[in-house]
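Chemist: Please arrange chain B on chain A, whose structure you already have, making use of the hints.
Protein sequences appear in the order of chains A and B. Residue numbering for the first sequence follows full-length UniProt numbering, beginning at 1 and increasing consecutively. Residue numbering for the second sequence follows full-length UniProt numbering, beginning at 1 and increasing consecutively.
By construction, these hints were calculated from the structure, which means they are not laboratory data. Beta carbons are placed, not taken as given, at the ideal position from N, Cα and C, and that holds for glycine.
For the chain A half of the interface with chain B, some residues (derived, Cβ under 8 Å), not all of them:
1) H364
2) G365
3) S390
4) R392
5) W393
6) P395
7) A396
8) A399
9) I410
10) S411
11) D412
12) A413
13) V414
14) D415
15) Q416
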Amino acid sequence: MSEAPSGAPERIVVVGASLAGLSAAHALRGEGFAGSLTLVGDERHAPYDRPPLSKQVLRGLFSPDTTLPRHPDLNAEFRLGTPASSLDLDARTVSLGDGTTLPYDRLLIATGTRARPWPKSDEASLDGVFTLRNRDDATKLSGRLKAGPRRVVLVGGGFIGFEVASTCRDLDIPVTVLVRDGQPLEAALGPRLGGLVGEIARERGVDLRLGAEIERMEAEGGRLTGVTLKGGERIEADIVVAAIGAVRNVEWLEGAGLAADEGGVLCDGYCRVLRQNGDIVPDVFAAGDIARWPNPHQDEALVAVEHWGNARAQAKAAARNMLAGPAAGLARHDHLPDFWSQQFGLTIKLVGLTEGADSLVIAHGSLEERRFVALYGREGRTVAAASIDSARWLPAYAAAIRERAPFPPISDAVDQPRLRIEEP
Amino acid sequence: MSCTTLFEQVLDPDNRANPYPLFAELRRQPVCRQEDGTYVVSTHAEIARLISDPRISSEDLPDPQKFRWTGHPITDLFVRPIRAEIRRRHQPFIFRDPPDHDRLRGLVMRAFSPERVRRMREETTDLTNELIEKFAGKARIDLVDDFSYPLPVTVICKLLGVPPEDEPQFQGWATQLATALEPNQRADAETQAKNEQCFTEISEFLRDLIAKKRDEPQDDILTDLANGSDSGDADTERMNDFDLVATAVLLLVAGHETTVNLITNSVLTLLRFPEHWQRLRDDSAIAPRLIEEMLRYEPPVQYRTRLAIADIPIAGVTIPKDAPVVLLLASGNRDPNRFADPDRFDPDRSDNRHLGFGGGLHYCVGAPLARIEAEVALVALAKRLNNPRLVEDPPPYRPGASLRGPRHLCLSFDGIAAG
Numbered sequence: 001m002s003e004a005p006s007g008a009p010e011r012i013v014v015v016g017a018s019l020a021g022l023s024a025a026h027a028l029r030g031e032g033f034a035g036s037l038t039l040v041g042d043e044r045h046a047p048y049d050r051p052p053l054s055k056q057v058l059r060g061l062f063s064p065d066t067t068l069p070r071h072p073d074l075n076a077e078f079r080l081g082t083p084a085s086s087l088d089l090d091a092r093t094v095s096l097g098d099g100t101t102l103p104y105d106r107l108l109i110a111t112g113t114r115a116r117p118w119p120k121s122d123e124a125s126l127d128g129v130f131t132l133r134n135r136d137d138a139t140k141l142s143g144r145l146k147a148g149p150r151r152v153v154l155v156g157g158g159f160i161g162f163e164v165a166s167t168c169r170d171l172d173i174p175v176t177v178l179v180r181d182g183q184p185l186e187a188a189l190g191p192r193l194g195g196l197v198g199e200i201a202r203e204r205g206v207d208l209r210l211g212a213e214i215e216r217m218e219a220e221g222g223r224l225t226g227v228t229l230k231g232g233e234r235i236e237a238d239i240v241v242a243a244i245g246a247v248r249n250v251e252w253l254e255g256a257g258l259a260a261d262e263g264g265v266l267c268d269g270y271c272r273v274l275r276q277n278g279d280i281v282p283d284v285f286a287a288g289d290i291a292r293w294p295n296p297h298q299d300e301a302l303v304a305v306e307h308w309g310n311a312r313a314q315a316k317a318a319a320r321n322m323l324a325g326p327a328a329g330l331a332r333h334d335h336l337p338d339f340w341s342q343q344f345g346l347t348i349k350l351v352g353l354t355e356g357a358d359s360l361v362i363a364h365g366s367l368e369e370r371r372f373v374a375l376y377g378r379e380g381r382t383v384a385a386a387s388i389d390s391a392r393w394l395p396a397y398a399a400a401i402r403e404r405a406p407f408p409p410i411s412d413a414v415d416q417p418r419l420r421i422e423e424p
Numbered sequence: 001m002s003c004t005t006l007f008e009q010v011l012d013p014d015n016r017a018n019p020y021p022l023f024a025e026l027r028r029q030p031v032c033r034q035e036d037g038t039y040v041v042s043t044h045a046e047i048a049r050l051i052s053d054p055r056i057s058s059e060d061l062p063d064p065q066k067f068r069w070t071g072h073p074i075t076d077l078f079v080r081p082i083r084a085e086i087r088r089r090h091q092p093f094i095f096r097d098p099p100d101h102d103r104l105r106g107l108v109m110r111a112f113s114p115e116r117v118r119r120m121r122e123e124t125t126d127l128t129n130e131l132i133e134k135f136a137g138k139a140r141i142d143l144v145d146d147f148s149y150p151l152p153v154t155v156i157c158k159l160l161g162v163p164p165e166d167e168p169q170f171q172g173w174a175t176q177l178a179t180a181l182e183p184n185q186r187a188d189a190e191t192q193a194k195n196e197q198c199f200t201e202i203s204e205f206l207r208d209l210i211a212k213k214r215d216e217p218q219d220d221i222l223t224d225l226a227n228g229s230d231s232g233d234a235d236t237e238r239m240n241d242f243d244l245v246a247t248a249v250l251l252l253v254a255g256h257e258t259t260v261n262l263i264t265n266s267v268l269t270l271l272r273f274p275e276h277w278q279r280l281r282d283d284s285a286i287a288p289r290l291i292e293e294m295l296r297y298e299p300p301v302q303y304r305t306r307l308a309i310a311d312i313p314i315a316g317v318t319i320p321k322d323a324p325v326v327l328l329l330a331s332g333n334r335d336p337n338r339f340a341d342p343d344r345f346d347p348d349r350s351d352n353r354h355l356g357f358g359g360g361l362h363y364c365v366g367a368p369l370a371r372i373e374a375e376v377a378l379v380a381l382a383k384r385l386n387n388p389r390l391v392e393d394p395p396p397y398r399p400g401a402s403l404r405g406p407r408h409l410c411l412s413f414d415g416i417a418a419g
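Looking at chain A on its own, in the form it has when it is part of the complex (with noise of 0.2 Å):
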């Protein structure tokens, strides 16, 4: 194990400029911290939202120019447009893709994930193949609905694939979503809630295919015409978005010893990363969409929070205890994860984690309303909370969660059904 690192840090690099970088940074600052402080991003982007990029820029509704605001005495070096290349743990330095070398007193890893691109490399480079991840995927993809295609052929049941379907029907453009396994958005609902978001996806006029995968593309001229799923049955369409997931930038860190693979870069709770053999590295921390950590709500299983509200608070919880001398106690990051998605005109929005939940009760209204909170529970314990247009219970029942309350936690509450253990 390194020694702990002694004296105030007067140098910061933060690797990764999206929102976990940014956060982190206007904590430190926050904080009290004056040295010198560095952001490194690979895109030449300036700090700048996602969210918004499925749905309103897709749209046309807003202007792709999503920059997160920044304080103005926020007093830090943006290296962007120059990925990081390697990390040096020895050293304490960072070298980057143009040569430089940058030390550091603490280190945050922020460099989050990119799209998951489609497997075959020749379909991919298709005109009319696309994946959906940041600024100029959004203006590019935008660009081409604008031009008002034929067909949209969406692969994939998450969601984000969902949120831009959703933003295909409200620009009336015709859409096919191919879901392979199961239910769309079952990783993050259960089958239940996700075959009615599917349900809801059909009414709205998605053409979704469940068990459906492509087999292969056509093009003529390196333009896409279509697709034929296995099976043998052709799509004629324009565009084909690939959203079937994340990959982990994690590459730039090979050779460092960290504790890092597919699945994220290994933390401790205190966002600490590890080397290889479990030793903790004191000043060099992770926060955001490549940190895999010990979730407290999820009995310290190590999971990755791909999702804007952990990003922040990830990105506060590293920024104190990168300052935090040896006196004062390491905070732990123990949020609990939160998403919300707009999709359909619904808002959705969940607490916790379904992972391994065997059972669902309505808690208010009904799915058939579609307009309810579904509380999910593993082994007797609360673990989750879902609500479809009626987001304001769950601060109740995310404090249910916390504190791992019986399950169902609450009874005989306003507008509530009898409740009905079902599975989820």
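Modeler: Quick look at chain B alone, frame taken from chain A:
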């Protein structure tokens, strides 16, 4: 001292000028049962928790309006029971739970659009300056009667779409009905009779006005609520007349008394700490922070009463089903476990998550409007009143313990500056 009678002392008008030492006593037991079975919640964490707990209802609170025989059989046996039933079913949404609450509040939020509220800034500025002009030549004013009272009622009338000639009438009704929002206020028979009379009059007036808004739609909130709107993603439904009248009365009363108190409490506090008055005079950009701190330090709504509809274990106590629950917002705002040095008025406070506008489902719909009104009013007063002084401190207070504020606030000053 046991906390079981402390809340009674909070209600005692003799303690109106400074209830805060009583709150500090109450906070020793965050959730405390009173002798009458009411549970008083006085700490920030517990209030924040209960305010968004689905076992806390805003409906079916004990009805302060006791039935009295008039001696006319038709009135007593038919007209009044029917009227009472209609009123029970069409309570304003502040006294309702989901799903009705959400539907009604949603319609109001749509009509109370940010755009519409923003547009009120200019009108509020003009009104403010008109009121201040009238101070010219005087050496002393009553801020309440001469300023804080007339301003919000005019603003809410304009927003709702009440014709200017009916405003004085409306102001009278607002004053009378403010007592109806005051829980634990055991009104005497005369006040109750007046309230009822007043409610009948304003309902008739509003029904006529609503009919006019349906015939000749205008750009105002009543028109939107009466006709529904086809803006946005979906057509919104029209509100029925009973709900519409209840909503309009609510907006009038809740938007009025509270704002009067916010403005008056602000001036009182700033004159008690004149360095902040001077700061505002020098730099109007401080106003928003100052108002947030005011909402913490002297919130116009000191508490709200709700009802437990299930047993609720909290802070070592179980609030039993059917118990009235008092959420003492003003005490949560002074909780030293949430705010450092809570009894200090400090506009530079960071992370000022006060309970001044409540929280959860029933978070104040009018918060953005109240902020604009208070900001415009305070900035103008600070700029234009030369050397204002409090004539009487503490000033006389209105009887209400929940909607708490001075009845009069006499100021002397050395003339007004140009606007």
